[in-house]
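Protein chains: 4
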Amino acid sequence: MTTQMIILNGGSSSGKSGLVRCLQAELPEQWLTFGADSLIDAMPARMQTSDGGIEISTDGAVAVGAEFRALEQAWARGIVAMARAGAHIIIDDVFLGGAASQQRWQKLLDDGNDPLDVLWVGVRCDRAVAAAREIARGDRVPGMAAAQADVVHQGVHYDLEVDTTHAESLACARTIAAHLGLRRTQP
Amino acid sequence: MTTQMIILNGGSSSGKSGLVRCLQAELPEQWLTFGADSLIDAMPARMQTSDGGIEISTDGAVAVGAEFRALEQAWARGIVAMARAGAHIIIDDVFLGGAASQQRWQKLLDDGNDPLDVLWVGVRCDRAVAAAREIARGDRVPGMAAAQADVVHQGVHYDLEVDTTHAESLACARTIAAHLGLRRTQP
Amino acid sequence: MTTQMIILNGGSSSGKSGLVRCLQAELPEQWLTFGADSLIDAMPARMQTSDGGIEISTDGAVAVGAEFRALEQAWARGIVAMARAGAHIIIDDVFLGGAASQQRWQKLLDDGNDPLDVLWVGVRCDRAVAAAREIARGDRVPGMAAAQADVVHQGVHYDLEVDTTHAESLACARTIAAHLGLRRTQP
Amino acid sequence: MTTQMIILNGGSSSGKSGLVRCLQAELPEQWLTFGADSLIDAMPARMQTSDGGIEISTDGAVAVGAEFRALEQAWARGIVAMARAGAHIIIDDVFLGGAASQQRWQKLLDDGNDPLDVLWVGVRCDRAVAAAREIARGDRVPGMAAAQADVVHQGVHYDLEVDTTHAESLACARTIAAHLGLRRTQP
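Protein chains in written order, with our numbering: chain S, 3 to 189; chain E, 3 to 189; chain F, 3 to 189; chain B, 3 to 189.
Each hint should be verified, as a subset may be incorrect.
Some residues of chain F that are not near chain B, with every Cβ distance over 10 Å (derived) [said to hold, decoys possible]:
1) Q26
2) A38
3) D43
4) E69
5) Q75
6) A102
7) W107
8) Q156
9) V158
Just a few of them, taken from the derived set where beta-carbon distance is under 10 Å, the chain B residues facing chain E [as the list claims (entries may be wrong)]:
10) S52
11) D53
12) G54
13) S59
14) V64
15) G67
16) P144
Derived CB-CB ranges, DEER-like [unchecked claim]:
17) D113(F) <-> G67(B): 14 to 24 Å
18) H168(E) <-> D112(B): 53 to 63 Å
19) A130(B) <-> G183(S): 48 to 58 Å
Hints are computed from structural coordinates only; laboratory data are not their basis.
Glycine included, every Cβ here is placed at the ideal spot set by N, Cα and C.
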């Protein structure tokens, strides 16, 4: 059975986006990528100021309301349908709810008579290093990286974990590709 | 029956993105938006240089290959599944194939025992005005706007057409909301 | 004497950025552009949260502190020096202080024995239309456009005014180019 | 005498931008930053397709023409004037011409009776690591990082060198701040 989805989970500024771009470059097939950031981009701007939406405090804490959760659930169901329709999918997510977030995905994946083959990848990064990278990127509310570094992994089960603290994104991508037995023949 | 999807079709620089943001602001429910641009963002960067991907000539002509079409088809199937799962969806598309592009969506929408209620909207803009806006935005290959202005509408059937040549995006959004009998109570 | 600087002044969402890109495309020489947005990009991120920096209220009001003003003054002096060194310069500014803001520029321009030839251009946009475009662009705090539409022009003297309410950016750029007696020979 | 300018030189994807944001966060004064990227943003879009402008080959080689050089020279003169006017300035540059590029800056800095106190910083990054980061960022033509990694440092003299291969941007910024005897009191 071939892996149809790769679900990456890690805190803010743990290096997921760069890792995803390297994975897309390294894997021989064409993989589509979606995640927390592209979901928020797809939502109305007012979701970032309304009660039911997503709120980022000045200390970097993220709170998510009922409307956000409902949209996210329908979105995730659609993403799983893309994979069932034959697309290779990489998800770049932040499990704010830890194990509960994973179970939400798991439920959608098990749904139906056609279980998908998914690779679960934990993206770790030392808390202080993630906080330093948050300063270097300059487009995130300071504090998100530290707040999320550990909590997003609580109770989550992975097939594979990578750590970006001392390894480049490309090296982590190659670790994942090797685990899948895949590697693009370079042009 | 309530409208679950709004599919906007128009050429490059016809004002679709601004119209979508106004629609999201005007409509009372929370609508998710996806489209040609977000699909390309989700693809590997090499899709923009490979044979089977998407190629934009220096004169603004856009050619799309087999790999692109296959990913797009799975993507569209997933988007339709999001709508069936209860999300309100706005699609911001460019029907490079005119009527054939509409039929691809139509097939996915009719699929199954649960037909979706879709509003088809044509977004027109005078060719010269679209070409002028292409210069003003500065992030598109010159020529795309003129090349696509008419061809994307050939043989396409709409429930409603708006024209951004002389109307602001917000006015066009209100025309669409009025057609749906919807309008957000302003805060 | 040839015009060495064009200083555009207008409120938020009045269409200055698109107008500048069209001017750069239309004018035969290569013109460099700088303005309020690029100045803020050049500043430390903390200037947007510190007392002496720049603060944008949730209603779109903009307040500027002493540290901001000091940096802006040195920046403006440097921009004028670029023009004296031979670069053609377009400034895209928001005169939050109206006439006082113009006088600050005027003082720097008159400084020295080598007065620069400057074209002052007012960029008008109907308040309601600017507010509608603010919604369409989606990246500004709602209320800035309406708050600034008139106040930035109070007491300011122009060589030329353009109005983007009903005219495209490219048409306004051509009005300015015609005033200068300049027009690029199209390739 | 206090340092008024910090000039950073390093190849594409060597980590200069992140380092600059960390420096702006760490240094107690407010430092303005300018560089090769912001200069290109200030130029007309057609400079990227015209003979006298800047051309990036598909292999990542960068060629710069006479019009570009003339604008760059006036721009640099203006930046130096900003520093003389009291602004603290960080330059984030790519010395495509190696020692000759440094001499161009040096000439402007020595000009006049008021020599500026400048800190020259070399930003090194292992060629393979820079090439890997180029893939991870995904917005640069592949090959630029490798092509520039060494050549930009040829014959250049520095007060200080930092190496981002194994050190985070924030750590490199602190090395520079320590060298200056400066460090912001954290809030």
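Status of each hint after checking the structure:
Listed as outside the interface, Q26(F) is inconsistent with that label: its C-beta sits roughly 4 Å from the nearest C-beta of chain B, within the 10 Å cut-off. In this structure A38(F) is separated from chain B by more than 10 Å, as the shortest Cβ-Cβ distance comes to about 14 Å. The Cβ of D43(F) does not lie farther than 10 Å from every Cβ of chain B; its closest approach is about 7 Å, which violates its non-interface assignment. The claim that E69(F) is not at the interface with chain B is violated, since a C-beta of that chain comes within 10 Å of its own (minimum 6 Å).
A Cβ of chain B approaches the Cβ of Q75(F) within 10 Å, the least distance being about 7 Å, so the stated non-interface status is violated. No Cβ of chain B approaches the Cβ of A102(F) within 10 Å, the least distance being about 19 Å, so the stated non-interface status holds. For W107(F), the shortest C-beta to C-beta distance to chain B comes to about 14 Å, beyond the 10 Å cut-off, and the non-interface label holds. The claim that Q156(F) lies off the interface holds: its Cβ sits roughly 28 Å from the closest Cβ of chain B, which is beyond the 10 Å cut-off.
Consistency note on V158(F): stated as away from chain B, and its beta-carbon is indeed over 10 Å from all of that chain's, at 24 Å minimum. Proximity of S52(B) to chain E is violated relative to the hint, the smallest CB-CB distance being about 13 Å (cut-off 10 Å). Interface hint at D53(B): violated, since its Cβ lies 15 Å from the closest Cβ of chain E, which is beyond the 10 Å cut-off. The beta carbon of G54(B) is not positioned within 10 Å of any beta carbon in chain E (closest approach about 18 Å), and the interface hint is therefore violated.
Taken as an interface hint, S59(B) does not check out: its beta carbon lies about 13 Å from the nearest beta carbon of chain E, beyond 10 Å. Because the beta carbon of V64(B) sits about 18 Å from the nearest beta carbon in chain E, more than 10 Å, this interface hint is broken. Taken as an interface hint, G67(B) does not check out: its beta carbon lies about 19 Å from the nearest beta carbon of chain E, beyond 10 Å. Taking 10 Å as the C-beta cut-off, the interface hint given for P144(B) holds, the closest approach to chain E being about 9 Å.
Against the hinted window of 14 to 24 Å, the Cβ-Cβ separation of D113(F) and G67(B) comes to about 33 Å, which falls outside the hint. At roughly 57 Å, the beta-carbon separation of H168(E) and D112(B) lies within the given 53 to 63 Å, and the hint holds. A hinted range of 48 to 58 Å is violated for the C-beta pair A130(B) and G183(S), which are about 24 Å apart.
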